[in-house]
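Enquirer: These are the residues of each chain, in order.
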Amino acid sequence: MDRSRKASPQTVSLLAALTQSPRSWRHGYELSLETGLKSGTLYPTLIRLGDRGLLESRWEPSVEPGRPPRHMYRLTPAGLLFAKQQLADTTARHRLRAVRASA
Amino acid sequence: MLAELHHCDADGAALRWAVGCLIAALGERMTSMIRGDLKISSWIALPEMLLCFAPLTIGWIDAARALGNLGGRPGFGGSGPVLFATAALVLATTGPAGLLAALRVLLLGRPVHPRWLPATLLAGSIINGLALVAIALIGGGAFGSRGDFNFWCGLALLSALPALGAAHLPALYPPSSLSMSSVSSSNT
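Chains A and B, in that order, give the protein sequences. If you count the first sequence from 1, position 57 lands on 72 in this note's numbering, and the numbers rise without skipping. If you count the second sequence from 1, position 3 lands on 9 in this note's numbering, and the numbers rise without skipping.
Just chain A, with the same shape it has in the complex (with noise of 0.2 angstroms):
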């Protein structure tokens, strides 16, 4: 049985960027600028993803001559769903925690 676990708020914030267009294919560069996160925490994510067959990917010839292929990600089904969940369970805690600061 897998153990759910709660995302890492740099895990949400990834997953929230995928999902605003769940079946565009997303390079790295572009959810570092998105999200915020650097690269060294970007991959280890998307990896980590990955392992979890949560996220699949592919790679894009590059249209300009002699530079290499670029690395694309997307949610995979299962991926999409984990992400709705954790988002929804994000915005769940992030309420709780308003309605306990504002008692």
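If you are wondering where the hints come from, they were derived from the structure by calculation, not from laboratory data. As the structure is a computational prediction, the values presented were derived from the model and not from experiment. A hint or two may mislead.
What the hints assert, rightly or not - Here are some, though not all, of the chain B residues that point toward chain A, as calculated from beta-carbon distances under 7 angstroms:
# : residue
1 : Leu-8
2 : Ala-9
3 : Cys-27
Stated by the list, open to error - If you anchor each label on the Cβ, the simulated ranges turn out as follows:
# : chain 1 : residue 1 : chain 2 : residue 2 : range
4 : A       : Glu-49    : B       : Ser-38    : 35 to 43 angstroms
5 : A       : Glu-79    : B       : Glu-34    : 38 to 46 angstroms
6 : A       : Pro-24    : B       : Val-139   : 37 to 45 angstroms
7 : A       : Gly-68    : B       : Val-139   : 51 to 59 angstroms
Built from N, CA and C at the ideal position, the CB exists for glycine as well.
Dock chain B against chain A, hints included.
Expert: The following block gives chain B in isolation, referenced to the frame of chain A:
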């Protein structure tokens, strides 16, 4: 990762991207290389645990004998030698406690009990080391002064080795498939 460099806005951003990728790559490489754990065969763990805890156990027995010879009861209100022997007896309890816990795991195949015992043994070993250092700083005595060979031997046998044994103790359970307890149960 490399391909993204060509799409970075500025040289500074590209440099930061490259450094981050290097860190990520090294981290993944290190993670993939870590395959071992602290579990070892019980036949090897037993001499290891004896080495770690037996010297301090012998020290505990010595302290108990010394207390008996002095004719005093253990306590912190007696004469100097009784006080010293009592303190040594208390501090050296880490030895027999660790040895018994290790033998329970290795020979009987039982888990470490109570669960806080390894942490307590580790703390006791560290306290032993601090006590030795304090004795050496105050004025030498049985363990020699700082820099003396006896001091370092004392530190190793009475503090460092028990600390290592305490740190390794939780990893000994469950025992490996070639443990002594499994061999003895298969022979019955």
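Enquirer: A separate judgement is required for each hint: does it hold in the structure or not?
Expert: Results for each hint:
| no. | hint | in the structure |
| --- | --- | --- |
| 1 | Leu-8 | 6 angstroms, holds |
| 2 | Ala-9 | 4 angstroms, holds |
| 3 | Cys-27 | 5 angstroms, holds |
| 4 | A:Glu-49 - B:Ser-38: 35 to 43 angstroms | 29 angstroms, violated |
| 5 | A:Glu-79 - B:Glu-34: 38 to 46 angstroms | 28 angstroms, violated |
| 6 | A:Pro-24 - B:Val-139: 37 to 45 angstroms | 43 angstroms, holds |
| 7 | A:Gly-68 - B:Val-139: 51 to 59 angstroms | 54 angstroms, holds |
Hints 4 and 5, counting from the list given before, are not met by this structure.
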